[in-house]
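Undergrad: In order, the protein sequences belong to chains D and Z. Each residue of the first sequence is one higher than the one before, starting from 1 at the first, in full-length UniProt numbering. Each residue of the second sequence is one higher than the one before, starting from 1 at the first, in full-length UniProt numbering.
Since the hints were derived computationally from the structure, they do not count as laboratory data. Please note that a few of the clues may not be correct.
If chains are identical, the list can't say which one is meant, so a pair holds when it fits in one copy or spans any two.
To be verified - Listed below are the simulated SDA-like cross-link pairs for lysine to any residue, each with C-alpha atoms no more than 25 angstroms apart in a straight line: (1) K225 x L76; (2) K225 x D158; (3) K135 x T207; (4) K225 x R75; (5) K135 x E204; (6) K225 x L78; (7) K225 x L155.
Number of protein chains: 2
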Amino acid sequence: MGFGRAASSRAQPPMASSEPSWADIGRIWVPERFRCGASIASMSSLIHPARSSVIEEPLDPFSLVAEELSLIANRLRLMVDAEVPSLALAAKYFFKMGVEGKRFRPTVLLLMASALNISKPISASTGAPSSVSHKLRARQQCIAEIAEMIHVASLLHDDVLDDADKRRGIGSLNFVMGNKLAVLAGNFLLSRACIALASLNNTEVLTLIVTIIDNLITGEMMQMKSTSEQCNSMEYYMQKTYYKTASLFSNSCKSIAVLADQTEEVAELAYVYGQNLGLAYQLIDDVLDFTGTSASLGKGSLSDIRHGIVTAPILFAMEEFPQLRDVVKQGFHKPANVNVALDYLGKSRGIERAKELAAEHANRAIEAINSLPKTDTDEVLISRRALIDLTQRVVTRTQ
Amino acid sequence: MGFGRAASSRAQPPMASSEPSWADIGRIWVPERFRCGASIASMSSLIHPARSSVIEEPLDPFSLVAEELSLIANRLRLMVDAEVPSLALAAKYFFKMGVEGKRFRPTVLLLMASALNISKPISASTGAPSSVSHKLRARQQCIAEIAEMIHVASLLHDDVLDDADKRRGIGSLNFVMGNKLAVLAGNFLLSRACIALASLNNTEVLTLIVTIIDNLITGEMMQMKSTSEQCNSMEYYMQKTYYKTASLFSNSCKSIAVLADQTEEVAELAYVYGQNLGLAYQLIDDVLDFTGTSASLGKGSLSDIRHGIVTAPILFAMEEFPQLRDVVKQGFHKPANVNVALDYLGKSRGIERAKELAAEHANRAIEAINSLPKTDTDEVLISRRALIDLTQRVVTRTQ
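In isolation and in its complexed conformation, chain D is listed as follows (with noise of 0.2 angstroms):
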């Protein structure tokens, strides 16, 4: 199986003969599966695969598979319809909220199981690749539907772990049903998630995926109890960054690899690619925390410092000036220190740090898509050229 251009590269370690970076931090948190992790080349030099008929044409990753998220959307609107009434107000919250990334996950799920569609082998009892395919794109469809649904479940229990002080005002049955929908909406799809994932009948797909629920916990848990000094740390920020965000799109990439039956190798760049595109699309998020407006953003601009989470900008901010540390010590309580805080953020390159930071893992997902084995097809190569686009979007968006 002939391997892409940035192949000669996958031997050796990433970047072991380049400047240490806070990319690297990468290596150590998720020290295994980062080492399949192609080095980093300039995206200019990454966005131009050889065939121009391919890449000149139009194109908008998400109008690519319209037509399959319109179906996944209506399936998960059935479910939480069908079964029990009174969620369907929970999970149509979040799906008429508009929030940029709604139908992020299942369209790079969707686009990678198109980029992957290389070397299907063809039932040898039924002679009927067609109907093999068509059954392999449905288990992949069932990813991009568990990918969401655990996404809409995080979403939602986090609406209890975070904004629980703000509804206070309400009246006390509101609030109290309010959190107890929102819990049990949560439990509701992770249940139905985990029904989803035994159908499937993978066991090597089952962990990856409960890895992912367990990740999320593990990201809020360190999120919500971290120390002063674990607060100040950029490699603890990334490894919690990973758990809450990357976790989900590395692992539910591999999944459709491995339903796919590709090799090792291949399962790998899908989860790479997954892993720094969910790293590379956190970070922007958490710039966009302070540079977007409260509309463009879909929350209240500011609100990670506010509730005292420390994002990558104040951590390379505190670099340039460490007196930051003792602000960030005292807690954001006093929107005083809130103004401190973006002060010397204004002085450092936080801001254009965590942008690099970014485009190096956007660089490394882009890399690591340019690294699958070889094809012809178009279809396979204009997903591939779909996945490299999103990722740019990622970290060009301002909203």
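With the hints as your guide, set chain Z onto chain D.
TA: Chain Z only, in chain D's frame:
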């Protein structure tokens, strides 16, 4: 494979020729599974198996598996302690409380494992039955751990769902942290349960256990969102009770049999035992909520009715005094309504009929044990007697 003396009745629909009773309700809401339940026989005829040498020894079901129980408890504590230290508090809260039934589920499951320790195939390749048997036992212990984790997770989430209003007098941070910890600790346990489940690598068991989680949520939702008509329905109550309590027993008992590679018939008998034990357990719990004292119940007496939860004794009382429906419809926000309901209950046969229904289900559970394949092995016979003894304790307990 030979079956016990109740086997002949299994071909007929249970209770087909007898008067309808509330025990029949069971067949409506879990129709498929209930079909293999044996007909009801009097308790006195069931608790005297033929082998007097076994039955005459004094027997304590809990001490039979004491060593394994402490092994399981240690493993569970280690899992909670090792991963996220902050969760230990939440988990220990439930370990410390000394709640009745704390080790009830693992006890039932370990005894079921021994009760089904029959016709074990010896590994042809290794010729080492003891090692095979040791491995099976370890897998069955894993089911006991998983069941306990799911049970404790549901207690932790119930804390958020039921007691949120009670905590409102406490400072904001504690309140929010209480909810946070309860939700996260519950999720953590569920996720650990799923990881343990994945390691068993058995799709049928996975589906059975995930069904428990799904049923727990559905049951909680049914309790939270019932209409006035549903509140007055015995069928609705029994269905909710199955989901909230009995499903854990039925599906985990069946899992024990599935892991042991028992026949579908034996697995169904294990299911029927768990199902009816669980129903009997909850019915008596609901009776004790009226008749017990606060101390002996481990929670405030009358707590169900004060939370507006209508259980079997009141439902039976309603049949004798239809005017009680109006009181239930008004709700129990006013303590006066609680007193009116208690007056009706006292005049009715509500408590008595709830106990009779519990006894009917206990008999069905005992019948299932007596219908298991014949054996001459003392350990197996003792374990079966212990399961019968446990069932009797469930319906005769006063706390």
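Undergrad: Failing hints, ascending?
TA: Those not satisfied: there are none.
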